[in-house]
Every structure is written in C-alpha cells, then in structure tokens.
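Student: Sequence order for the protein chains is R and B. Residue numbers for the first sequence follow numbering that gives the first Met the number 0, beginning at 0 and rising by one. Residue numbers for the second sequence follow numbering that gives the first Met the number 0, beginning at 0 and rising by one.
Hints were generated in silico from the structure; no laboratory data involved. In this text, a Cβ means the ideal position worked out from N, Cα and C, and glycines have one as well. Some clues are possibly wrong.
Rough simulated footprint, nothing fancy, chain R against chain B, three-plus residues with beta-carbon under 8 Å [to be verified]:
(1) 185-195
(2) 268-278
Ranges of calculated distance between the beta carbons of each label pair, as one might list FRET restraints [what the hints assert, rightly or not]:
(3) S269/R to E268/B: 23 to 31 Å
(4) A91/B to P43/R: 30 to 38 Å
(5) A31/B to D253/R: 45 to 53 Å
Listed below are the simulated SDA-like cross-link pairs for lysine to any residue, each with C-alpha atoms no more than 25 Å apart in a straight line [said to hold, decoys possible]:
(6) K178/R to E57/R
(7) K178/B to S92/B
(8) K178/R to N242/B
(9) K25/B to P134/B
(10) K178/B to G53/B
(11) K178/B to T96/R
(12) K178/R to P100/R
(13) K178/R to E268/B
(14) K25/B to L82/B
(15) K178/R to L82/B
(16) K34/B to K178/B
(17) K178/R to L263/B
(18) K178/R to G148/B
(19) K178/B to A62/R
(20) K178/R to F22/R
(21) K178/R to T96/B
(22) K178/B to P100/R
(23) K178/B to R181/R
(24) K25/R to A62/R
(25) K178/R to K178/B
(26) K178/B to S269/R
(27) K178/R to A95/B
(28) K25/R to I80/R
(29) K178/B to N242/B
Protein chains: 2
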Amino acid sequence: MASAELQGRPADPFTERTPRVVFASKLHRAAARRKAGRFLAEGPNQVEAAVSAGAALEVFVTAEALDRHASLLGGVSHAGIPLSVVTDRGMASLSATVTPPGLVALCRSVVRDGASSRDAADAPDGAGAESAAEPLRIVAIGQALAEPGNVGTLIRAADALGADEVWFTADSADPEGAKAVRASAGSLFHVPVVRGIPVDEVAERARSRGLALLVATGDGEVDITSADGAELLREPSAWVFGNEAHGVPAELRDAADARVRIPLRGRAESLNIATAAAICLHSSAAAHPAAG
Amino acid sequence: MASAELQGRPADPFTERTPRVVFASKLHRAAARRKAGRFLAEGPNQVEAAVSAGAALEVFVTAEALDRHASLLGGVSHAGIPLSVVTDRGMASLSATVTPPGLVALCRSVVRDGASSRDAADAPDGAGAESAAEPLRIVAIGQALAEPGNVGTLIRAADALGADEVWFTADSADPEGAKAVRASAGSLFHVPVVRGIPVDEVAERARSRGLALLVATGDGEVDITSADGAELLREPSAWVFGNEAHGVPAELRDAADARVRIPLRGRAESLNIATAAAICLHSSAAAHPAAG
Chain R
0 MASAELQGRP ADPFTERTPR VVFASKLHRA AARRKAGRFL AEGPNQVEAA
50 VSAGAALEVF VTAEALDRHA SLLGGVSHAG IPLSVVTDRG MASLSATVTP
100 PGLVALCRSV VRDGASSRDA ADAPDGAGAE SAAEPLRIVA IGQALAEPGN
150 VGTLIRAADA LGADEVWFTA DSADPEGAKA VRASAGSLFH VPVVRGIPVD
200 EVAERARSRG LALLVATGDG EVDITSADGA ELLREPSAWV FGNEAHGVPA
250 ELRDAADARV RIPLRGRAES LNIATAAAIC LHSSAAAHPA AG
Chain B
0 MASAELQGRP ADPFTERTPR VVFASKLHRA AARRKAGRFL AEGPNQVEAA
50 VSAGAALEVF VTAEALDRHA SLLGGVSHAG IPLSVVTDRG MASLSATVTP
100 PGLVALCRSV VRDGASSRDA ADAPDGAGAE SAAEPLRIVA IGQALAEPGN
150 VGTLIRAADA LGADEVWFTA DSADPEGAKA VRASAGSLFH VPVVRGIPVD
200 EVAERARSRG LALLVATGDG EVDITSADGA ELLREPSAWV FGNEAHGVPA
250 ELRDAADARV RIPLRGRAES LNIATAAAIC LHSSAAAHPA AG
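Full structure from sequences and hints, please.
Tutor: This is the structure:
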C-alpha cells in the first residue's frame with residue numbers, strides 16, 4: 000500500500016487516499032465546511048447521533064473499529080448509509096484526535112445560517128435559511144466564543160436544560176468544527192443551532208421572536224436568585240454568554256433588557272462559560288415548568 | 000550557552016539547567032509533587048494568585064516575560080520571593096503549555112492529604128494532615144474524576160459558588176497537576192482542597208463533619224427543583240460528582256442520604272461535570288442565604 004501511495008496510483012477501498020477520503024479530510028477547515036455544507040462527526044457516540052438524526056451521508060471506519068462497533072455499524076449499513084473501510088493512515092487524515100476512535104461520519108450541515116437576509120442567497124444546500132417557526136421560550140446565545148469546547152458545551156447544556164435554540168454570533172468558533180462537535184456530545188444533532196449572526200443584529204432578532212434579551216455578566220444589576228430575577232425568568236428570554244476574555248461588548252449590554260449576575264460567594268472573580276450557562280439556563284428552565 | 004549545555008558545565012543563572020530548574024521540572028510528575036510537597040503554577044494569573052496566597056516559594060521567568068509583567072514581578076520581588084531568570088529552553092522544561100507564558104511559580108503544596116489516618120505519617124512537609132475545623136455547610140466531592148480540567152473546573156465553581164471545601168477521592172486526577180491548576184483559575188489557592196480520600200471512607204467522613212451526603216446522578220430519586228429537593232438543600236451537605244464515564248459506584252450511591260437528579264428536558268442523555276456541579280452547588284448556595 001505504501002508503494003501504491005508513493006507512486007500516486009488510483010486507490011482501492013483499503014488505501015488511504017480515495018477521492019471521498021480526500022474530500023472529507025478537507026472538512027477540518029471551516030471554510031471548506033461552509034462551502035460544502037458538510038462536516039465530520041467522530042467516534043461511536045457522535046456517529047450514532049448523526050445516524051439517528053438522519054444527518055450521516057457516509058461513514059468511514061477502520062477494519063479494527065468495524066469489528067469493535069459491529070452492532071452500531073450494522074445499523075448504519077441497514078439504514079442504507081454507505082460504509083467505507085479505510086486504512087489507519089486514511090483514518091488519521093479524517094481524525095481530529097491523537098488516538099482516533101476509528102470511525103467518522105460525513106454529515107450534511109445541521110446548523111442554520113443566521114447571516115443577514117442579503118447574504119442568505121449564498122447558503123449552501125443542506126444549510127437551510129432560518130425559518131421563523133413556533134414561539135420560543137428559552138434561547139442560549141454564544142457571543143464571540145473563541146473556544147470550540149465552550150461552543151459545544153453550550154449546545155450540550157442548552158439541549159439538556161430545555162432551551163429551544165442556540166444562536167452564535169458571526170465571530171464565534173464553528174459549532175461544526177471537530178472539538179465543538181465532540182463537546183456537544185450529540186446535542187448538535189438534537190437542538191436547533193444557528194451560526195453567523197451579526198452581533199449588531201442580536202437584540203433585534205431576539206425581540207422579533209418575542210424574547211427578552213438577558214446578558215449574563217458578573218456586574219449585572221439583577222441578581223438571578225432575587226425576586227426581580229425570578230420575575231424576569233418567567234418571560235420568554237434569550238441569554239447572552241460573552242467572549243471568554245472580553246465579555247459582552249458595551250453596545251450589546253446596553254441593548255439588552257437586563258444584565259443579570261450570579262452571586263459569587265468565594266474569592267473567585269468569575270465563572271467560566273459552562274458554569275454560568277448551566278446556572279442561567281437551569282434557572283430559566285425551572286421558571287418555565289411547562290417546558291419540555 | 001548552547002555549548003555550555005553540550006559540555007555539561009555548571010550553569011549560570013541564564014542557562015537552562017540550573018539545579019533549581021532541574022528540581023522544578025520534575026514536578027510535572029504527580030509522584031514527584033507528592034514526595035516534595037511542591038507544585039508549579041504557570042502564567043501571570045496563577046503566579047499572582049500563588050503569591051497573594053503566600054504559596055509561592057520561587058518564581059521562574061524569561062527575560063521577555065520579565066519585561067511584559069514588570070509590575071507583577073516587582074511585587075514578587077518586593078514580597079521577598081526569589082525571582083530567577085531562565086532561558087526559553089529552561090522555561091520550556093518548566094512549562095506544561097505549547098506556547099509558554101514565560102513565568103512559573105514553584106509553590107508549596109496547598110492541598111491537604113485525606114488519606115486514612117494510618118497513612119498520615121507519610122505526609123510530606125507543607126501538606127499538613129487534615130484538621131477537623133469549623134462546621135461545614137457545602138462541600139463538593141470529585142469521585143474518580145479522570146480529567147484534570149474537570150478537577151480544576153470543580154474547584155473554580157466550588158469557590159465561586161461558596162462551597163466551604165472540595166474533596167477528591169484517591170483515584171481522581173491530582174488538583175496540583177498543571178491542567179487542573181490552570182482550570183481552577185486561581186481558586187486552588189482560595190478554597191480548602193483535600194485529595195486522596197479512600198472512596199470507601201467518603202460517606203463516613205461526610206457524616207463525621209455533620210454533612211448529608213448527596214449523589215448527583217441522572218437517575219436520582221429526588222428532583223433538585225422539587226419541594227423535596229429544596230428541603231434537602233437546606234441541610235449542610237456534601238455533593239458527590241462521579242467519574243466522567245462510569246458515574247458513582249453502587250456502594251457510594253447506596254451509602255448516600257439521597258441521590259439527586261437535575262431534570263433533563265431535551266434529548267441530551269446527561270450533563271457534563273462542570274454543568275451538573277454548577278447547578279447543584281448554585282442550588283445549595285441559594286438555599287443557604289447566610290453563606291459567604
């Protein structure tokens with residue numbers, strides 16, 4: 000096989016550089032994902048979630064993983080999804096991990112594009128334009144989240160705690176990048192996610208969907224555990240969680256209906272995104288007992 | 000300098016392998032940290048927290064970082080803490096990051112040893128034996144947490160949300176390892192942390208400190224948002240957060256006073272540790288308004 004590769008000969012199904020593998024391996028880059036409307040989901044849990052959601056178009060697997068995950072992959076095959084066996088080196092080009100679990104699903108994009116309407120004509124197939132659907136009760140918004148792990152964790156927490164949608168501003172890490180997909184633990188396939196929303200359109204977009212805009216911030220004027228906080232949480236609302244280092248910019252803070260703080264009791268200066276989002280979304284969910 | 004190193008000559012302060020650097024670089028290994036009762040805290044925020052807490056014994060810095068963090072390092076020097084300038088290569092041997100921030104504090108251990116009393120005689124200097132101090136209201140317990148990031152995140156959340164102590168069982172990642180220290184964002188120096196507690200002593204230890212033992216688990220019989228949950232949270236309590244993959248073992252679940260679930264509303268199967276701990280500790284803190 001090594002000599003076939005060195006000579007650049009056409010690849011057989013057990014050789015690493017089939018045209019499909021070459022195509023899929025380019026999806027590590029955000030620009031390629033956007034252009035193709037495709038992304039990769041790696042490992043048995045992600046692949047299973049992608050297949051269940053009807054998002055998997057093809058599954059790549061090593062011979063070893065084929066053995067190890069026979070039952071899962073039997074289901075993939077049964078669902079009529081093409082299953083391609085690749086070499087360890089082929090898998091290495093598809094994997095974003097140091098020790099690849101040996102299976103990767105090529106998926107159609109499941110994230111909607113939230114760009115201004117004037118840009119919507121550029122949306123690739125599969126990434127449908129946003130539709131103004133049923134009324135929303137709780138939305139989580141990631142504003143300029145730089146860490147893909149935080150993007151995925153926000154999606155996972157929002158799904159688990161009953162948020163209706165998750166929105167990301169244009170300068171957040173891509174929710175369909177490898178680390179974000181992994182951190183979402185399958186929730187990317189469960190909860191509606193919108194990316195690419197211009198930051199100066201966030202407030203208007205929330206209001207047009209009937210949502211109060213709440214910014215989570217350490218110096219907010221409303222204590223989330225106070226009576227005022229409880230009152231606020233009974234409204235349908237969109238929570239903004241800001242950039243890890245810089246927080247929410249002044250324009251968006253000012254445009255919000257309220258800035259809400261979680262009381263800090265120790266000497267820690269702040270909570271990380273995952274902790275703050277968990278508390279805010281759980282508090283909102285508890286105030287909407289009809290939810291879910 | 001390169002030739003001095005190649006020839007193994009005694010190092011000057013600007014050469015990478017001074018005896019102090021050699022000693023400190025060994026602290027990347029947990030066994031060396033335990034034996035020496037020392038650990039490393041890297042980056043300006045951690046170094047500042049270590050110095051403020053009186054835990055820093057020496058600070059290593061590159062010439063470049065000396066310039067960049069002049070004000071912080073002036074304070075270090077003013078506090079009478081030895082400041083040693085090292086080369087980039089010397090810093091690389093001390094750093095646990097891909098792009099070293101250029102300063103590392105050698106710290107005395109701040110974590111207490113929670114091993115059985117029969118093992119306590121082995122405790123190194125600085126890592127004092129546990130003392131039964133003032134009454135506790137809220138304790139967070141990490142049981143067999145494998146991810147150092149989760150260990151540090153639990154410490155950070157516990158500190159911010161007003162927990163009195165954080166305990167770790169013997170099979171958890173070391174809270175004084177580099178990734179855990181970084182994830183704790185300084186809170187390791189603020190909140191009392193105990194490590195190395197035998198898992199079969201957790202329940203007894205909680206009761207002897209007057210704490211109800213609560214296990215956070217998806218299938219718990221008590222809903223944290225219910226009236227029963229609210230009643231439970233008014234008691235002084237210790238929350239157990241279990242291993243990322245396997246959860247809390249049956250013996251410890253059975254030994255607990257209650258198993259508590261966070262209602263999941265979406266299709267996510269579980270919450271990650273950071274999310275679950277944030278919600279449980281925030282709920283406990285809100286039920287103890289006198290706290291902090």
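Student: Of all the hints given earlier, name the ones this structure violates by number, lowest first.
Tutor: 9, 15 and 19
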